[in-house]
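Participant: Listed below, chain by chain, are the residues.
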Amino acid sequence: MNDAVKKHIMRGLEKGVRADGRKLIEMRDISIETGASKNAEGSARVKIGDSEVIAGVKLAVESPFGDTSDQGNLMVNAELLPLSSSRFEVGPPSIEGILLARVIDRGIREAHAIDVKKLCIKQGDKVWSVSVDICTINDDGNLLDASALAAMAAIKDAVYPEYDMETNSVNYSKKTTKKLPLAKEPVQVTVHKIGTHLLIDPLPEEQELAEAQLTIATLANGEICALQKTGKAPFSLVEIEKMLSVSGTQSAELRKLL
Amino acid sequence: MTEELIAKDKEIVVPGELLATGMSFLPSKGCYRQGEHIYAGRLGLLNVEGKVLKMTPVSGRYLPHVGDTIIARVNDVLMMGWRVWTNSPYEAVLNVKEASGEFIPPSSDLTQIYAIGDLIVCQIINVTSQNLVDVTMRGPGLRKLGSGRIVNVCASKVPRIIGKNASMVNMLRDATGVRLHIGQNGVVWMSGEPENEIIVTEAIEIIEREAHTTGLTDRIKVWLEKQKSRIVAFEKVAEEQQPETGGFEGGGFREERGGFRGGGQRGGFGGDRGPPRGPPPRRGGF
Amino acid sequence: MSAIVHKRGAYTARLDGRKNDQMRPIEAKVGVIKNADGSAYFKIGGTAAYAAVYGPRELHPKFMQNPKTGILRCYYNMMPFSGAGERVRPGGNRRSKELSHVITQSIEPVVDLTPYPNAVVDVFIELTETDAGSRCAGICAASMALAHAGIEMKDMPAAIAVGKIGDQVVVDLTGDEEHFEGGATDIAVSVLPLTGDITLLQMDGEITAQELVKALAMAQEAAKKIYKIQTKALKDHYKSEARQ
Numbered sequence: 080m081n082d083a084v085k086k087h088i089m090r091g092l093e094k095g096v097r098a099d100g101r102k103l104i105e106m107r108d109i110s111i112e113t114g115a116s117k118n119a120e121g122s123a124r125v126k127i128g129d130s131e132v133i134a135g136v137k138l139a140v141e142s143p144f145g146d147t148s149d150q151g152n153l154m155v156n157a158e159l160l161p162l163s164s165s166r167f168e169v170g171p172p173s174i175e176g177i178l179l180a181r182v183i184d185r186g187i188r189e190a191h192a193i194d195v196k197k198l199c200i201k202q203g204d205k206v207w208s209v210s211v212d213i214c215t216i217n218d219d220g221n222l223l224d225a226s227a228l229a230a231m232a233a234i235k236d237a238v239y240p241e242y243d244m245e246t247n248s249v250n251y252s253k254k255t256t257k258k259l260p261l262a263k264e265p266v267q268v269t270v271h272k273i274g275t276h277l278l279i280d281p282l283p284e285e286q287e288l289a290e291a292q293l294t295i296a297t298l299a300n301g302e303i304c305a306l307q308k309t310g311k312a313p314f315s316l317v318e319i320e321k322m323l324s325v326s327g328t329q330s331a332e333l334r335k336l337l
Numbered sequence: 346m347t348e349e350l351i352a353k354d355k356e357i358v359v360p361g362e363l364l365a366t367g368m369s370f371l372p373s374k375g376c377y378r379q380g381e382h383i384y385a386g387r388l389g390l391l392n393v394e395g396k397v398l399k400m401t402p403v404s405g406r407y408l409p410h411v412g413d414t415i416i417a418r419v420n421d422v423l424m425m426g427w428r429v430w431t432n433s434p435y436e437a438v439l440n441v442k443e444a445s446g447e448f449i450p451p452s453s454d455l456t457q458i459y460a461i462g463d464l465i466v467c468q469i470i471n472v473t474s475q476n477l478v479d480v481t482m483r484g485p486g487l488r489k490l491g492s493g494r495i496v497n498v499c500a501s502k503v504p505r506i507i508g509k510n511a512s513m514v515n516m517l518r519d520a521t522g523v524r525l526h527i528g529q530n531g532v533v534w535m536s537g538e539p540e541n542e543i544i545v546t547e548a549i550e551i552i553e554r555e556a557h558t559t560g561l562t563d564r565i566k567v568w569l570e571k572q573k574s575r576i577v578a579f580e581k582v583a584e585e586q587q588p589e590t591g592g593f594e595g596g597g598f599r600e601e602r603g604g605f606r607g608g609g610q611r612g613g614f615g616g617d618r619g620p621p622r623g624p625p626p627r628r629g630g631f
Numbered sequence: 184m185s186a187i188v189h190k191r192g193a194y195t196a197r198l199d200g201r202k203n204d205q206m207r208p209i210e211a212k213v214g215v216i217k218n219a220d221g222s223a224y225f226k227i228g229g230t231a232a233y234a235a236v237y238g239p240r241e242l243h244p245k246f247m248q249n250p251k252t253g254i255l256r257c258y259y260n261m262m263p264f265s266g267a268g269e270r271v272r273p274g275g276n277r278r279s280k281e282l283s284h285v286i287t288q289s290i291e292p293v294v295d296l297t298p299y300p301n302a303v304v305d306v307f308i309e310l311t312e313t314d315a316g317s318r319c320a321g322i323c324a325a326s327m328a329l330a331h332a333g334i335e336m337k338d339m340p341a342a343i344a345v346g347k348i349g350d351q352v353v354v355d356l357t358g359d360e361e362h363f364e365g366g367a368t369d370i371a372v373s374v375l376p377l378t379g380d381i382t383l384l385q386m387d388g389e390i391t392a393q394e395l396v397k398a399l400a401m402a403q404e405a406a407k408k409i410y411k412i413q414t415k416a417l418k419d420h421y422k423s424e425a426r427q
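Chains as they are written, first to last, in our numbering: chain A, 80 to 337; chain B, 346 to 631; chain C, 184 to 427.
Everything labelled a hint here was simulated from the structure, so no lab data went into it.
Where a beta carbon is used, it is the ideal one built from N, C-alpha and C, also for glycine.
Treat each hint with caution, since some may be false.
[Unchecked claim] Facing chain A, according to a computed beta carbon distance under 8 Å, are these residues of chain C, among others:
id	residue
1	Asn218
2	Ala235
3	Tyr258
4	Gly268
5	Arg270
6	Thr311
7	Asp369
[Claimed, not checked] Here are the simulated lysine-lysine pairs, BS3-like style, with alpha carbons at most 27 Å apart:
id	chain 1	residue 1	chain 2	residue 2
8	B	Lys355	C	Lys251
9	C	Lys226	A	Lys235
10	A	Lys117	C	Lys408
Take the sequences, apply the hints, and build the full model.
Facilitator: Right under this line is the structure:
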């Protein structure tokens with residue numbers, strides 16, 4: 080980004096005015112629509128401003144991983160589709176896509192959003208595998224938080240498909256009404272640092288300018304369950320405290336929508 | 346054989362849509378004849394002028410034309426100049442000879458004049474049949490741009506944003522004190538109080554959306570009045586030179602100058618681009 | 184759901200009650216992806232496709248550039264959770280590469296990219312849910328998106344799957360119909376509605392030449408109906424813009 084344009088954005092931030100008139104810790108309009116994809120076991124479409132993502136949950140019966148023979152498997156995958164921005168190219172996942180998936184995975188896994196022990200069908204032999212796939216539709220900034228919200232909403236929306244234990248076959252065309260074993264509900268908010276300013280829900284130009292960000296996943300009781308810092312600039316302890324405070328407030332707001 | 350106009354003037358038409366029947370009708374840019382019928386060859390606003398069926402684009406990427414004044418960004422510094430991004434599929438070259446009115450010695454460090462990332466208002470002086478583009482910085486109003494905000498609009502809507510005799514852009518500037526440069530390539534630069542820039546951006550969004558309708562200037566005037574309480578105090582700004590498009594009111598767009606085609610005809614002039622022609626004649630409003 | 188008992192080979196009524204020449208309900212919109220130069224959404228029954236056009240834009244690597252004309256590149260992809268069965272691993276596979284290729288070839292005849300030498304027009308098609316006919320829905324969406332992007336095209340391709348189930352020739356097969364026990368032939372067809380010319384033709388199953396010609400004629404009729412829907416979606420988009 081051109082220095083003159085950078086300077087101009089900073090000037091606005093100094094005044095507390097963002098390009099779309101929002102305050103620094105204000106989010107754009109958010110909508111969550113579950114059941115966005117009928118074949119998926121669970122799905123959700125999330126819009127934050129003009130950013131839009133779809134997340135879908137698919138279940139399968141597989142062998143457990145060696146070191147967790149009594150637990151189901153969980154995988155979070157993200158695709159930054161070329162459909163959603165000229166920034167994204169056709170081909171294998173970029174580091175941005177990989178980071179996005181892993182950050183969201185951490186938030187959901189470490190929070191024990193799903194009680195993976197209850198996904199076990201037969202220890203050491205058969206367990207349910209939960210795959211969450213996030214696909215971006217339009218990138219107008221903050222795909223990170225939009226994706227996390229969509230993933231959580233899709234997981235909450237998900238039901239088991241019919242499973243015949245004797246023949247070990249899943250009938251995807253028949254869905255039960257039984258929901259996944261949900262334990263906790265992590266909500267993710269990422270706080271970005273531009274100069275001395277902290278803001279949330281960045282526009283693409285603000286994302287480009289941000290020197291570092293802290294992604295914070297919070298539980299319903301206010302406890303923090305996952306953290307991820309990205310970006311080159313360091314944070315002072317005071318800044319981190321501020322970020323925690325901002326994400327605490329915002330995640331409570333987002334939780335109401337789930 | 347019947348002679349009948351099927352579609353309506355000022356109507357949005359789609360590819361393959363039947364526009365007229367009969368040999369007396371003449372298809373112009375964006376329309377084509379098949380046997381007795383004339384069809385639309387793209388999405389656009391149909392303009393019926395007597396028996397001539399013309400199409401004005403309502404969407405589509407910018408394609409460089411000789412004489413256009415554009416806002417470009419320096420992508421690369423070369424031996425003999427710079428390569429710039431033009432908001433089109435084609436980069437342009439700014440030769441060191443065209444960089445300034447002053448003489449630039451051969452051993453100069455070109456990055457001292459324009460560095461990568463710099464935004465410039467320049468004019469297109471040549472476009473070859475392969476869409477190789479040359480630009481110049483020598484001319485009135487051409488300059489490097491300083492601190493400001495960039496907004497991208499659809500190039501076909503630029504004449505509406507400028508307005509007849511720059512009426513629209515002047516109205517925006519006078520109401521908000523925001524300095525505006527509008528490139529014919531759809532790149533808009535603005536600089537003013539942040540709150541006022543937001544108002545200008547919103548106004549531009551409305552103009553873009555409703556560019557194919559009439560009475561727009563008046564509606565924007567009324568809308569600006571309603572925003573008075575949001576406008577922050579500013580210093581009055583002098584008029585800036587705007588690109589010569591002849592802009593206009595009333596439902597239409599820039600007249601097709603070979604439309605938005607790269608190679609191929611320049612409607613009315615025909616044939617290949619050939620040598621540079623200098624700035625185009627001033628188009629009247631309609 | 185199979186309330187009707189079929190004797191082997193006979194298909195007397197369609198599983199969802201439609202007439203033989205009746206398509207499933209269709210929903211079409213344009214301008215659904217702001218970043219794209221043109222975009223559209225096309226849903227038919229339980230199959231939904233997005234298409235986004237980026238271009239004309241610079242084409243890299245340079246050796247792929249064509250100095251006489253821009254090139255068209257269509258990419259077909261199913262979202263991992265979109266299919267009727269198991270999850271589909273993301274990233275291209277052989278099927279999506281083949282479909283990308285035939286879809287590109289089905290649209291090329293109708294677009295004029297000579298105004299953009301050395302450039303590329305990229306069309307990204309993504310399926311969010313599928314119940315047969317996904318490549319056809321993708322073409323219908325791509326067609327609207329290209330028009331929305333202002334690309335010069337003489338017509339808007341409309342694609343539909345036709346076929347034979349048991350002994351009935353039908354339009355717009357569902358997934359259940361494709362897998363009908365009595366035997367089903369599934370034919371994907373893309374038509375240029377103005378001339379009736381066929382630019383995509385793929386078939387699985389068995390059929391007589393006569394029945395095939397009958398099926399293709401039904402596809403041409405269906406394409407004309409789809410074209411009307413595509414036209415309305417494009418025009419409505421500009422009406423709603425003016426109203427705001």
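Participant: Please go over all the hints and tell whether each is borne out by the structure.
Facilitator: Checked hints:
1. Asn218: At 5 Å from the nearest chain A Cβ, Asn218(C) passes the 8 Å test, so the hint holds.
2. Ala235: This interface hint holds because 4 Å falls under the 8 Å limit.
3. Tyr258: Holds: closest Cβ of chain A sits about 6 Å from Tyr258(C), inside 8 Å.
4. Gly268: holds (5 Å)
5. Arg270: Holds, about 4 Å.
6. Thr311: holds (5 Å)
7. Asp369: violated (18 Å)
8. Lys355(B) <-> Lys251(C): violated (33 Å)
9. Lys226(C) <-> Lys235(A): Distance of about 25 Å is within 27 Å: holds.
10. Lys117(A) <-> Lys408(C): holds (26 Å)
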